[in-house]
Amino acid sequence: MTELFALTSNSNFSPNLWSDLQMMWQYAFMQHAFEAGTVIAIVAGVIGYFVVLRRLSFAAHALSHAGFAGAAGAVLIGLNPLVGLLVFTSGGGLAMAALGRKAASRDVQIGTVLAFMLGLGVLFISLYKGYATEAYSLLFGEILGISSGDVIVTTIAGALALVAIILIYRRLLFTSLDEDVAESRGVSIIAMNSIFMLLLALATSIAVQVVGVLLIFALMVTPAAIAERLTRRPLAGIAVSVVVALLATWFGLFISYFVPYPVSFFITSSVFALYVLVRLLQSYTRRGIL
Amino acid sequence: MKRMGKGKTEEAIIQAIDLSVRYGERVVWQHADFSIRRGEFVGILGPNGAGKTTLFRLLLGLLPPSTGRLEIFGAAPRRGNPRIGYVPQRHPIDSDMRLEALEFVHLGISGNRWGVLLPSESRAERQKALDALQSVNGTELAHRSLGQLSGGELQRVFLAQALAGKPDILLLDEPLANLDIRRETELVQLIASVARAQQVAVLLIAHDINPLLPVVDRLIYAVNGRIATGTPHKIITTKALSALYGAPVEVLHDSHGRVAVLGTEEAAHHD
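Order-wise, the sequence lines are chains A and B. Counting from 1, one number per residue, gives the positions in the first sequence under the working numbering. Counting from 1, one number per residue, gives the positions in the second sequence under the working numbering.
Please note that the accuracy of each hint is not assured.
Label pairs and their computed distance ranges (CB to CB) [as the list claims (entries may be wrong)]: (1) A:I166 - B:H233: 50 to 58 Å; (2) A:L167 - B:K239: 54 to 62 Å; (3) B:H143 - A:Q31: 42 to 50 Å; (4) B:A177 - A:A239: 30 to 38 Å; (5) B:R196 - A:A273: 54 to 62 Å; (6) A:I190 - B:L213: 35 to 43 Å; (7) B:D208 - A:R55: 26 to 34 Å; (8) B:H233 - A:S283: 49 to 57 Å; (9) B:D208 - A:A273: 45 to 53 Å; (10) B:P64 - A:L167: 28 to 36 Å; (11) A:W18 - B:H91: 47 to 55 Å; (12) A:I190 - B:N48: 21 to 29 Å.
Simulated from the structure, these hints should not be mistaken for laboratory data. In this text, all values refer to a predicted model and were calculated from it rather than measured experimentally. In this text, a Cβ means the ideal position worked out from N, Cα and C, and glycines have one as well.
Sequences are here, hints too, so could you generate the full structure?
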């Protein structure tokens, strides 16, 4: 695994963006980072829009913590951490769907489980007696360590998630906004919640590679929160959410190539800065911009 | 408690015969007989927990009757019946909700479809959603954010969403809650005129009879495990209500035709 901090020995920033990018892409690890980062930003932007619409951001946060325990457990028994991530986030997601939407908004219970999961993850990590980098990359992401195999897995998982969203789009939107009426029109709430939670688990599992468990909000919630503030129509909202997630990811990767700080720091701070900017502008203009 | 004897010439679109419903062991109400005709405006009254919303759940096919028969257009209720438009009792909408009203109304047309809409379908449906908004005098609400609408404006949007699917029956659960008296009256007038224009039967749950009095054809009164139906003139009397509640209840009239019902709080069984 590559060190998280950027390898910047022989690189200098030039004003020509294209030549900068070409220079970066000479390195396989940078190419993989851009490829996987792009897929993940698109998926997280789309799924994140529904997370925000459904007011599930805390549940999403908890899921990623369950994923941490799963990933650490998988490392402990010698499996790919992605397997542990998928198993634990899916299990947690289905449990939340089974308990109902109201359960997913119970902060205290979710917080309790979240803390337990993090504790479990810490135990697994310490039992593993491996490098601290293993825990570090799970918690904060390690996009520069993505292999070509990871890129393929990420792309397939991301494509699956997007196809699924297209298939259930209108029903998902209906249940997100108007559960009682959707139910009366023959939409199964439990089925829709379960499918969405599984998609969220999938998106979380692949997004952890980029920003890690602790910073999942940066890709899954903040871009969608910005989009929600700027748009009045769902498709426009999803588009803005994807664009923000993409720009932040590309910006983070680009900057971290020249400046020796973690990619996830640049991603989180750019989306945060944009969020603050949008809120400030809106408090001045009072009405939406778009 | 009587079956509709008169008016057989008009089509009964909802028919309940010796209908009972329970949640687990608890009987909500039993032995209800009533029928509702096309275009009728029916007010549903009764204390909290008397099973008013439960009646809607039965009609929507979300809850099976425990005994007896319930028919809508001659068939058993089923989930997803497009001939029913439903406005549930709602929690206030988050003021941060920026989604436009038109999108929300649009979901009333095709929110239960799989996949995404083709651009041409989407345009046609948005036009239908606009028409529905127009029918509730809500054209100017189309592009406003849901979170910025007032209580009365929201109720008109909900009504438009329910009407967008061109139903024959509207089920409205407490649409007048949280409205001031003037808005209550306006909304009731609006519902009544839309229902008349589109020949839609309205079943409206309310906690106060007064705003409904000018428009309502009949009442369904749920109390203490029973369902009574009749004209307001017959039901809202000291004698009829005392018999229903099984306790002394008094009905007073003022000079404007408004009524006050006293003693129901004490008389309703809370179990």
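Structure-based check of each hint:
1. Remark: the range hint 50 to 58 Å for I166 of chain A to H233 of chain B is upheld by a beta-carbon distance near 56 Å.
2. At about 59 Å, the beta-carbon gap between L167 of chain A and K239 of chain B stays in the expected band of 54 to 62 Å.
3. In this structure the supplied range 42 to 50 Å holds for H143 of chain B paired with Q31 of chain A, their Cβ-Cβ distance being about 44 Å.
4. Checking the proposed 30 to 38 Å range against A177 of chain B and A239 of chain A shows it holds: the Cβ atoms sit about 37 Å from each other.
5. For the pair R196 of chain B and A273 of chain A, the beta carbons lie near 56 Å from each other, so the given range of 54 to 62 Å is met.
6. Under the hint 35 to 43 Å, the C-beta atoms of I190 of chain A and L213 of chain B, about 41 Å apart, fit the expected range.
7. In this structure, D208 of chain B and R55 of chain A meet the distance hint of 26 to 34 Å, their C-beta atoms being roughly 32 Å apart.
8. About 55 Å separates the C-beta atoms of H233 of chain B and S283 of chain A, a value consistent with the hinted range of 49 to 57 Å.
9. Checked against the given bound of 45 to 53 Å, the beta carbons of D208 of chain B and A273 of chain A, roughly 52 Å apart, stay inside it.
10. Look at P64 of chain B against L167 of chain A: about 30 Å separates their beta carbons, and that is inside 28 to 36 Å.
11. At roughly 52 Å, the beta carbons of W18 of chain A and H91 of chain B sit within the given window of 47 to 55 Å.
12. Against the hinted window of 21 to 29 Å, the Cβ-Cβ separation of I190 of chain A and N48 of chain B comes to about 28 Å, which satisfies the hint.
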